[in-house]
Structures are given as structure tokens and as C-alpha cells.
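There are 2 protein chains.
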Amino acid sequence: MLNRVRSAVAHLVSSGGAPPPRPKSPDLPNSTSAPPAAPPQAPRSPPARAGSGSAAPARTVEARASFCRPTFLQLSPGGLRRADDHAGRAVQSPPDTGRRLPWSTGYAEVINSGKSRHNEDQACCEVVYVEGRRSVSGAPREPSRGQGLCFYYWGLFDGHAGGRAAEMASRLLHRHIREQLKDLVEILQDPSPPPLCLPSTPGAPGSSDSSHLVGPQSCWSSQKEVTHESLVVGAIENAFQFMDEQMARERRGHQVEGGCCALVVVYLLGKVYVANAGDSRAIIVRNGEIIPMSREFTPETERQRLQMLGFLKPELLGGEFTHLEFPRRVQPKELGQRMLYRDQNMTGWAYKKIELEDLRFPLVCGEGKKARMMATIGVTRGLGDHNLRVCSSTLPIKPFLSSFPEVRVYDLTQYEHCPDDVLVLGTDGLWDVTSDCEVAATVDRVLSACEPNDPSRYTALAQALVLGARGTPRDRGWRLPNNKLGSGDDISVFVIPLGGPGSYS
Amino acid sequence: MLNRVRSAVAHLVSSGGAPPPRPKSPDLPNSTSAPPAAPPQAPRSPPARAGSGSAAPARTVEARASFCRPTFLQLSPGGLRRADDHAGRAVQSPPDTGRRLPWSTGYAEVINSGKSRHNEDQACCEVVYVEGRRSVSGAPREPSRGQGLCFYYWGLFDGHAGGRAAEMASRLLHRHIREQLKDLVEILQDPSPPPLCLPSTPGAPGSSDSSHLVGPQSCWSSQKEVTHESLVVGAIENAFQFMDEQMARERRGHQVEGGCCALVVVYLLGKVYVANAGDSRAIIVRNGEIIPMSREFTPETERQRLQMLGFLKPELLGGEFTHLEFPRRVQPKELGQRMLYRDQNMTGWAYKKIELEDLRFPLVCGEGKKARMMATIGVTRGLGDHNLRVCSSTLPIKPFLSSFPEVRVYDLTQYEHCPDDVLVLGTDGLWDVTSDCEVAATVDRVLSACEPNDPSRYTALAQALVLGARGTPRDRGWRLPNNKLGSGDDISVFVIPLGGPGSYS
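Chains as they are written, first to last, in the working numbering: chain X, 1 to 505; chain H, 506 to 1010.
No wet-lab data here; the hints were simulated from the structure.
Worth double-checking, as some hints may not be accurate.
Said to hold, decoys possible - Lysine-lysine pairs mimicking DSS-like chemistry, simulated, CA-CA at most 27 Å apart:
| hint | chain 1 | residue 1 | chain 2 | residue 2 |
| --- | --- | --- | --- | --- |
| 1 | H | Lys875 | X | Lys224 |
| 2 | H | Lys858 | H | Lys838 |
| 3 | X | Lys182 | H | Lys838 |
| 4 | H | Lys776 | H | Lys729 |
| 5 | X | Lys353 | H | Lys620 |
| 6 | H | Lys903 | X | Lys313 |
| 7 | H | Lys620 | H | Lys903 |
| 8 | H | Lys818 | X | Lys398 |
| 9 | X | Lys224 | H | Lys838 |
| 10 | X | Lys333 | X | Lys353 |
| 11 | X | Lys271 | X | Lys313 |
| 12 | H | Lys620 | H | Lys874 |
| 13 | X | Lys333 | H | Lys687 |
| 14 | X | Lys484 | X | Lys115 |
| 15 | X | Lys398 | X | Lys370 |
| 16 | H | Lys858 | X | Lys224 |
| 17 | H | Lys818 | X | Lys313 |
| 18 | H | Lys620 | H | Lys875 |
| 19 | X | Lys224 | X | Lys182 |
| 20 | H | Lys729 | H | Lys687 |
| 21 | H | Lys729 | X | Lys369 |
| 22 | H | Lys818 | H | Lys776 |
| 23 | X | Lys224 | H | Lys687 |
| 24 | H | Lys858 | X | Lys182 |
| 25 | H | Lys729 | X | Lys224 |
| 26 | X | Lys353 | H | Lys687 |
| 27 | X | Lys182 | X | Lys271 |
| 28 | X | Lys333 | H | Lys729 |
| 29 | X | Lys353 | X | Lys115 |
| 30 | X | Lys484 | H | Lys729 |
| 31 | H | Lys858 | H | Lys903 |
| 32 | H | Lys875 | H | Lys818 |
| 33 | X | Lys369 | X | Lys115 |
| 34 | X | Lys370 | H | Lys729 |
| 35 | X | Lys369 | X | Lys398 |
Whole structure, please, built from the sequences with the hints as guidance.
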């Protein structure tokens, strides 16, 4: 594990690549600032739980990067081979005998039926200790005061075009979140509103008053209230961005060629933050009720954002694509006829006369799982994909992808949860063939068959969900009980119980 | 009225100004195409109801434009003066003796308490007949076949920086909607799916099949289903855009200097379409339940769209504004300190080191009613404002404003409505001081005190809503019963009953 921590620190301080033109968080390691020393609090942190990464520390970096599973699965070399077997598709879970995941979280995964050589999903579950970078008041922190924060962290990463980006994100994204939270350790534990401005001079107080404001504009005569919660949201948003920038810098050295969707959960100070960038999905099932905790980002759901970008920056379309959408491909022989279309402003459709440039490929096309952006990619948010180009072209796709998650917040203290209330995270392998209601029915069926105090019930539930989406081999395919095809994709599921977190915080 | 129709047609065919670079609907009158003849079906249309416009036809165009109220109010010159009296603020409604508005719609309005010389709200209520432009099959229409469509139309227009834009929109927007629907008359009455492509050759059939599709892309192997409903939505969206373009072309000749919010309702073939661009608001109150039918577009709700535009097109900020948001004005002495900010991607807040360019005015600032874009305007969608500039600057604001409405659809046939189920439209004068729940309570109180078959009950309700928002003069102001200040703005309200439309369609 020490090797892994060192490796992570090395990643954080390594350099290369041009920084994108957006504000940098102060003191965050990046290629343009001086490399900070290794975090001084690392030896004093609580021992980190086994995260994702190498299951076989003795193997070379290359071998590990080519295929690894979450360390918390504690797979032996033989188990690793079985987990990699497309024919058997054995469901993997942490062993019942070892140390449980925090909160008795349940986890299960299964490899795809052959669409890629290895399982390109990755997962991570950690308890992360954050020590403040320095006092808000500017004075150096006294290490003995023990004013740090702990957060609980779960992450699912669904890789595409290779597993490297997912593997890297599963190792490092929570460390970026920790970096972003370091500035906030004291602020988040202080019940007064966050200071709007922090001094550059040590010892000077942060300011939150506006008594010295000037200017005639009425919109300036007041100030916005910023909540502690929105600071955590901002920290998670920026952590995603910095993770993506790190992938950009290190993509050559570490062969980070593909990309990944990221769905992470942070539990901090009584609140659950669910951050999603991609097409994974999270729901809470509470007393049978379904509460969606994320939405998917695809060419369909983000059509107007993508079209607007193509309209405002036509050079990104390279003369190969049109920002207009048509309900089907326009044929050259239809030139001069009128076809249904919609642009970046419209949700409805109208007819337009087909002109020469409408014969270009549309930026967005297709529906449902077949929807594609630039005829290439089916998700529009995530990490990585810095080298992704349009097929048979040099046109880069990355400018249209966003690394920013949508963050939803759930206050655990506002409701008295029972042991059957859970937060379910799944990659699209689960949701492609399973509806929210079917998940809720499985939650009810499995948990009501287990003792409420049996800590293995959440793993049993995760396994049932994965098995229900995978199906069984029959009639030349993996099939569900209703004889429809099961998911041939990688499937990964976390089941996080909401009934008992109080004892861990 | 004939003069008004002629005037409208003249507007539609007049020229001037450069067309914006977006697809044009075919055959729509604009400055670059040949002026069409006056609509041939006009004499055969049902007599149009009295719309908004001149209440005193004998007055000059200039005088009318300077102050007019909806014609359906049937105001005498004396009544017009009373409606224009800021001291009395008498509530205006159509007379109980005249012809009722369609569906026995209720309407009431009151002038502001002095913030502008005249009432800058306008309203329109019409039954509009649409005759198809030509047969989809390309054959000329036979006028005797009577295959036209009727739609019912209600519009509220809240002007700013003068009343001209609101007055023009109230006269013409429904005509633009009619223009857009002309192509769809046959398609909307044909139960089969709309043709995706219309022939340019008369007599050739429209195509909706994809059997001749080529190309290896799986996203191209299918075609999208386009519904009749989405064609109506597209027609309304484009009508808003063409109305805005007409204002741009004619702003010099007709002194259309300000802008307006537009909230319109179209009832067509069993469905209610509510289109909103601005900060007016529509709700349905059905059996006591509140169904929001619009959302407001302000610098707060559209922050990320505005910031994204400023980020992608920094030249629009003219070196005067920053696209970043800060919770209060940044002071020059705070240079180098760290302040909370958020950019176009963030919903949370984070700290950044203040640099020189952060001292520029932020593109978006303030909260609630004080929120402003470019320190100037508090709404971000609507019609007009083509000449609007940043105060003490030549920087145009229009590029950040959108003329596109959000359209919500409500299917009247899916629910058996009772006489107390209503759609309430109000300008912000109503909603600034009245919550959805308070409106619903007034609906219940007023309608339950009237006979269900009394057609004047909806006007009584509209009057009660306007009076409840205006208050009464007390303690040097217009005050509500709880002694809070009433609305000093113009207030206009439509109450549309949902229980009886079947007999009109």
C-alpha cells in the first residue's frame, strides 16, 4: 500500500501539459506551481482502508495497469483470473471473512460478456482523513489539535476505450477531493457563515461583512449567502476538474488513453453528496419510495449544450459536422426539400429547406443507447478522453465533453432511516436492463429475507442486483427470466445502508 | 379593426435590417424574401375577437403607441384616463355587459404606482383561424374544403424601458404563430406520424420511411419519432424568434426601443401549450393541486447559460465584465486575497486568489428581484431590447438575451376538469407578492362563493387576485392586509377555466 500512496503523491506533483484557462485553486499541486512536499499529515492519518488498485502488489506497474480489480475484493491470482473470465462471468464481492467495507456497504461486480478484454469498471471505497492546510487565521496549524475531518467515500468508474482512466480515477479522485477540502477544514466546523474573503496576510481575519461596499448598483448593495454545503459541492466539482487535468498532463507517460464515467458519494458532516459525470446512476430507496440522486449525461440529455457549443464555436465542428439535429440522415438527393430539424434553442421540431451544409454529419444523432456525439461517443461527461478523435479524422472530441459532475445533496439527519433504507449506485450495466422500480423491488425482496442486523445483507443485495442484470446463459446469450437479453456490459453495484451511519461519523 | 389588420400585414411584409444566421422557415415573410400577398383566407376567417391594440381608433398612430390598453377592455376615453391614473389604481376588467372573452376567460389589470408613466403590460385574447398554406402533397388547396384549424390564444406581455415592444408583441405574436402553423394544417389533422421530409416537387409524397438509409453508423440506422405535439412546440418557438426579428427590423421606424416578457397560451387540438420567455408565471390549480406551467428566466436562473456565453465569447464582455460570479463586489484592496467565486460549470462555491481582471464588474450579480445581468437588466428572455446597452457604455446586452420560450404542454383530455379548475397567468406584479399557494387559496375562496355556471366568476377571480397583490393605500403606500407593501408594479392576470373548453374546440 505504501507504494500506492507514493505513486499517488508522485502523480499529484508530476508535471507536463498546458493548464487550461480557468482559475486555479490556491496551493493545489499542478504543473505550473512548485511541487509541494508530500502531505505532512499522511503518517498521522488513520490507516486508509483498502482502496482500489493493484490486487497483486508484486506485479509490475504495466501488468497491474492492464488488469486490476478493487483491492477490497482481496482477490488471489486465481480469483483474479476467474474475475476476468467472460465465459463464466462469476459475480465478485468482498469475502465474508475479511474486514467489512465501511457502513457494511455491499458491493458486487461482474465482467462483460466479451465486449472488452478486461472489466473496465473500477470501484473505490475509502475513509479519508483531511487535515487543514493551515489555519484560516493564517497561523500555522498545530498538528496536535486534531481538528481534521473525516469523510466517507464511494466511487464507481465506468471506463471506455480501455481501463486506464477508470483505474487512475479510482486511485486518485478522492485524493483530489481531500486536497480541495483542506482549505475548508476549519470553515466547515465553524457554525458561522463562511468568510467570503480570506486574507493573504497571516493573522488577518477573513471578511464576511459588506459595510464598506461602494457603488451605486442596487445589485451590489447586498451579498449572497454562501452555505457550508455549497463549499463542499464546489470542492467536489473542482476535484473532478483537477483529476481531469491531471489525466491530461500524464496521459503520455501513463498511457491514459480512454476515459471513464465517474459516480462518487461523499458523506461529510451529516450530509451525503452524490456527484455524477456520465451515465452511471444512483437512487435512494427509502421505505419503498424511490429518490433519484443523479441523472445521466448523454448526447440526448445534453443535446442543447452540445449544439450551443458547436453553434458558438463552429471551428470545433471542423467543417465535418453541423450543429443542427435531424430525425434521420439527410440524403444528398433531398437537397432543396424540406426536412424536420431542431437547433440549440428548440425543444420542438420544424421544417427547413435542406442546404448543402445540412448534408454534413450532425453533431448529435441517434436515440437511447444508440445516441452518439460526433458519431463516436455515447456519454458527454466524464474524465479523460483527451486523445479521443472522430473516427477517420483528426477532429478532437474532448472540447465537447465536460468533466464537471452534477452534485445532489441528501441530508441524512432529516429523516430517521431504518436498516432497509439504502443508496444504490450502479454503472450502466445495471440500469440498461433494470428499472428504478425493479431495483426497489429487489431491495425489498432481499432485505426482508435477511435479519436486519446481518451485516452481509447489503452484499447479498448487491449480488442479487448484479445477477438480475446479468441473467444466466441460455439460447446463445445471457438471458433474464423473461427471456430478454441480460446486460453484456460490465456491471458494478454499491449498496450503501443509510440506517447506521451515525455510529461511523 | 380593419386598419389594425392592414397594419399588421404591413408589419409582416415590411423590410429592413439584416436577417440573423439561422434557418428560415419557408415562405415566412421576412426582409429577404418577396412579400407575400395579404393572406387570402382572411375574409373567410371567423371574425377575430377584439385583441389588444388601439382603444381609440381615431387617434393617431403615435398617440396610440404612447398609451393603449387591450381593446377587449372596451375603454371609453374617460375610462382610458382612469386606467392611466397612478393615484387611484382602479382595477380594469372587460365590461360585464359586452361580449365575453372565449371560454369565459377572466381578466383584470391595474397600473403601477408610479414607476412608469403608463401601464407597460399588454394583453391579448384571440381565436385564430389558420388555413393551410398549401397541400402537403403539393397540390394547391381548394378553399372550399374547410380543412383549416382554429387555435385559442391568450398572451401577457410585460414591457420594460417603454411599452412599445409589449404593444407590438400583443398585436402580432399570434400572427407569427399562425404563420408557422400554416405549413402544419394538414399534418396536424392526419393521425399518421408527421413526414420527416416534405417534397419540393408538387405532387411527390412526403417521406417518413428509412428503408433507403445508408451509412455504417449505428446511430444512423434508426430515425427519431417526431410527434404532432413537438411540431406545435417548434412552431411556437420559431414564432417567438420571428417576432423578435421583426422588432429588430422595424425598431427604427416604429420606435420599438424597449423589450418585453411574453407569456402565451395556445389551445390547439385538445392540448394547452404554455410558452414563457421572461419572468411572468403560469400555474394550473386543479382540484386544489398546484401544477407549475412555467419557470422564470432571470440572471439567477440562467446564470450558467450567461456565464458560458461570456466564457466562450469574451469579446461580448468588452473588457468591462468578468464571467465569474462573486458573492459581493470585489474591492481593489482585496487584490491577492482569496474570495469565493463560481464559474459557468459550478453550482457550488470555492475560493480563488483575486487577480486584476476579477475587479471587473461581474456579468451576473445580486439576488432575487435585485439580480441583474451586466448591472442592467433583471430578465434574460423576452422580445425586443435590440438597442439596449450597458449603462454609460456602448456594450450591447442583446447577445445575452434569448427570445426563445420554454414551452410546457398540458393535455386537457387526460383529466375530467370541473368548473373550479383554472389556468392562472400573471405578470410579475402578481407573483412578486403572491405565492402559488395564496393564489390557489384565492381560487378556492372566490370560485366557491360563485355559482358554478356564472360566467363572470373568472373575472371576479382575476379581480380578486389583482386586488390582493395591489393592496390598499395606507401608511404612505399600497399595503396588503398583513401591512406588508403590495406590488407597485403593473399587474395583469388571466384566469382561463379548464372545465369547458370542449365546447369551443
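Do the hints match the structure? See the list:
no.	hint	verdict
1	Lys875(H) to Lys224(X)	holds, 11 Å
2	Lys858(H) to Lys838(H)	holds, 13 Å
3	Lys182(X) to Lys838(H)	holds, 26 Å
4	Lys776(H) to Lys729(H)	holds, 22 Å
5	Lys353(X) to Lys620(H)	violated, 47 Å
6	Lys903(H) to Lys313(X)	holds, 19 Å
7	Lys620(H) to Lys903(H)	holds, 23 Å
8	Lys818(H) to Lys398(X)	holds, 19 Å
9	Lys224(X) to Lys838(H)	holds, 20 Å
10	Lys333(X) to Lys353(X)	holds, 13 Å
11	Lys271(X) to Lys313(X)	violated, 39 Å
12	Lys620(H) to Lys874(H)	holds, 15 Å
13	Lys333(X) to Lys687(H)	holds, 26 Å
14	Lys484(X) to Lys115(X)	holds, 19 Å
15	Lys398(X) to Lys370(X)	holds, 19 Å
16	Lys858(H) to Lys224(X)	holds, 19 Å
17	Lys818(H) to Lys313(X)	holds, 9 Å
18	Lys620(H) to Lys875(H)	holds, 16 Å
19	Lys224(X) to Lys182(X)	holds, 23 Å
20	Lys729(H) to Lys687(H)	holds, 23 Å
21	Lys729(H) to Lys369(X)	holds, 13 Å
22	Lys818(H) to Lys776(H)	violated, 39 Å
23	Lys224(X) to Lys687(H)	violated, 48 Å
24	Lys858(H) to Lys182(X)	holds, 16 Å
25	Lys729(H) to Lys224(X)	violated, 44 Å
26	Lys353(X) to Lys687(H)	holds, 16 Å
27	Lys182(X) to Lys271(X)	holds, 18 Å
28	Lys333(X) to Lys729(H)	holds, 20 Å
29	Lys353(X) to Lys115(X)	violated, 41 Å
30	Lys484(X) to Lys729(H)	holds, 24 Å
31	Lys858(H) to Lys903(H)	violated, 31 Å
32	Lys875(H) to Lys818(H)	holds, 25 Å
33	Lys369(X) to Lys115(X)	holds, 15 Å
34	Lys370(X) to Lys729(H)	holds, 11 Å
35	Lys369(X) to Lys398(X)	holds, 20 Å
Checked against the numbered hints listed earlier, the structure breaks hints 5, 11, 22, 23, 25, 29 and 31; every other hint is satisfied.
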